[in-house]
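Engineer: The chain contents come next:
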Amino acid sequence: MEPRQWEAATPAVGIALITLAAGALPLVTRDSYYLDVATTILMNLTLTMSFRLQVSTGQINMAHISFMGIGAYTSALLVTRVGLSFWATLWIGALVAALLAVPIGSVALRVSGPYYFLITFAFSEVVRLFFNNFFEGLFGGPSGLVGIPKPGRLFGLIFDGKLALYWLMAVICVVVVVALVRLDYSRFGLTADAIRQADLVVETLGVNVFRFKLTTFVLGSFVAGLAGVFFVHYRQVLHSSDFGLEPMVLLVVFTVIGGTGSVWGPVVGTILMTIASELLRELHRLDDVGRVLVTAMKRDLGLATKHRVDALERTLDWFDKYLK
Amino acid sequence: MSIELLVQALLNGFGLAMVYVLVALGLTLIFSILEIINFAHGEFYMLGGYVTYYAYALFGLNYFATLALAILTVGIAGVVAERLIFHDLRGKALNAFIVSLGLLWVMQAGAQLAFGVLDKPVPSAFSGVVRLVGLVISVERLVVSLSAIVLIVALYLFLRLSRPGRAMRAVAQDPDAAALQGVNIDAVSALGFGVGCALAGGAGGLLAPVFAVSPAMGALPVVKAFIIIIVGGMGSLPGAVLGGLLLGGVEGLGALFMGSAAVSILGFAMVIVVLLVRPRGLVGGA
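Which chain is which? The protein sequence lines are E and C, in order.
Residue numbering for the first sequence follows the numbering used here, starting at 1 and increasing by one per position.
Residue numbering for the second sequence follows the numbering used here, starting at 1 and increasing by one per position.
Source of the hints: derived by calculation from the structure; they are not laboratory data.
Ideal Cβ positions, reconstructed from N, Cα and C, are used throughout, including at glycine.
A hint or two may mislead.
To be verified - Simulated coverage check for chain C against chain E, where a stretch passes if three residues somewhere in it have a Cβ under 8 Å from a Cβ of chain E: (1) 147–160; (2) 243–255.
Stated by the list, open to error - Label pairs and their in silico Cβ distance ranges: (3) G23/E <-> A179/C: 55 to 65 Å; (4) Q5/E <-> P164/C: 52 to 62 Å; (5) I149/C <-> E136/E: 53 to 63 Å; (6) P121/C <-> L154/E: 37 to 47 Å; (7) G261/E <-> G182/C: 46 to 56 Å.
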């Protein structure tokens with residue numbers, strides 16, 4: 001194919017690769033640890049893709065994680081208090097997040113640049129503190145909510161094992177990726193890019209920039225709400241700090257490290273960073289291996305090597321003290 | 001409800017507001033010179049707290065000498081941070097945000113390794129209370145507030161009258177024009193960042209005896225400082241003072257009428273309202 005044709009084929013090839021990778025993973029391993037990591041990657045990818053949608057118009061929305069929280073709390077309460085099914089609250093949670101995004105987005109989008117960044121940060125803190133400090137009987141207050149049920153039955157399939165939940169998240173994620181990639185390669189994506197570079201020029205060309213940005217805000221919040229509902233029924237516990245500054249910052253880091261200029265940036269960033277953080281966690285496993293070795297070595301060793309073993313043990317102690 | 005109760009609530013609110021204004025002034029100075037938001041600002045405050053712990057609580061240095069030492073040490077740390085990290089990030093808000101968050105984590109983890117994770121208590125330098133027409137004010141908070149006010153006035157005079165201060169204001173207005181007039185932008189940026197951090201260090205030194213010193217102590221003042229500079233207007237010195245007084249007043253009265261759980265939300269609610277009415281803050285310019 002000619003270079004131009006390759007370029008035109010990029011979205012299809014990219015989507016095919018992601019779908020293939022997501023679909024092939026359970027064929028390679030069904031170890032629950034790897035499935036958990038893979039599910040986390042897909043959940044993060046859903047979030048970073050929807051965050052990138054807003055970044056593509058120049059908004060750094062620090063309240064993005066809050067809409068995930070709104071979806072999560074909505075679904076958790078509707079399932080545990082009202083008794084609705086997960087399959088209904090999946091949509092209700094996302095819709096509530098999108099509906100609340102309309103007034104919040106309308107307010108926040110009146111300012112831009114660093115002010116937008118800060119006002120959305122303020123919003124996210126208001127939402128987090130609201131869940132943490134108000135209506136403790138409902139939201140669980142500082143101790144959060146526990147015992148939230150797994151998704152349960154749909155068409156005779158039972159969604160409660162790691163593998164089934166992985167498939168569920170994979171389907172949600174692939175649908176979101178397909179939709180957002182197609183959007184990015186369409187006229188919509190071009191407009192978003194133009195707005196980021198020169199919103200005044202786009203405004204003079206007859207595009208309602210405010211409404212356009214609000215659309216990306218609401219759409220992104222819908223997807224975040226979707227991810228939030230899955231998150232809460234996957235983890236089964238819920239705490240207001242799950243939607244605070246730290247996870248939000250990770251979301252920004254994942255997206256920015258991959259690069260925000262391309263729709264594929266979050267994909268690369270999310271996969272690399274999630275795996276990197278899991279590998280760093282592996283260091284602790286290394287520590288356990290070290291302990292076993294030391295115990296084995298200590299049994300019958302001459303004095304010459306004894307101090308070396310002691311040094312190793314001291315290193316492990318230091319490791320324990322500071323890294324765990 | 002008596003008028004005295006209201007005034008007392010306001011005074012309680014204002015109690016530490018001036019110290020948070022110090023933190024906010026550092027942030028706003030750095031923002032106006034380098035056009036970046038330094039999220040690790042609270043960690044420089046934390047550094048000031050540890051200098052105070054070691055010099056004052058352990059070594060037994062005089063309270064005010066310790067304060068000067070904290071300001072100087074953290075100022076130098078700020079200059080180093082600018083030269084090593086923030087120098088090339090002028091105007092790149094998103095990159096600077098990520099980098100400063102990285103610095104925040106590195107400094108917090110570094111403090112945990114170097115100083116331990118536990119809170120370290122710093123004894124109060126002043127005790128007792130002052131009674132004035134039915135109002136009660138703790139001497140410690142009075143000294144802390146007055147020291148903060150002295151530092152704010154010193155900063156104001158420095159920016160108004162001294163040559164480096166005027167160079168900073170010139171760079172804040174227009175870096176290119178300032179460079180054309182012979183202002184050394186690199187030196188001014190480093191100095192500005194250093195002065196901004198020094199203010200945070202001073203605030204940390206002032207509050208170390210009020211709260212305990214810990215690696216995570218920087219989070220609270222920096223959040224308050226954000227509220228103050230958004231409300232007052234970024235880059236504005238009088239705005240920061242006004243924002244601090246407003247936040248203190250709102251929190252003081254909020255604690256009286258609504259209880260402490262609701263107070264945490266009030267500051268942010270104020271930010272949203274102010275940005276809606278005056279998107280550039282109360283005193284903010286263009």
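Engineer: Each hint needs a verdict: does it hold in this structure or not?
Structural biologist: So, going through the hints one by one against the coordinates:
no.	hint	result
1	147–160	violated (count 0)
2	243–255	violated (count 0)
3	G23/E <-> A179/C: 55 to 65 Å	holds, 57 Å
4	Q5/E <-> P164/C: 52 to 62 Å	holds, 60 Å
5	I149/C <-> E136/E: 53 to 63 Å	violated, 39 Å
6	P121/C <-> L154/E: 37 to 47 Å	violated, 56 Å
7	G261/E <-> G182/C: 46 to 56 Å	violated, 38 Å
Violated hints for the displayed structure, listed by number in ascending order: 1, 2, 5, 6, 7.
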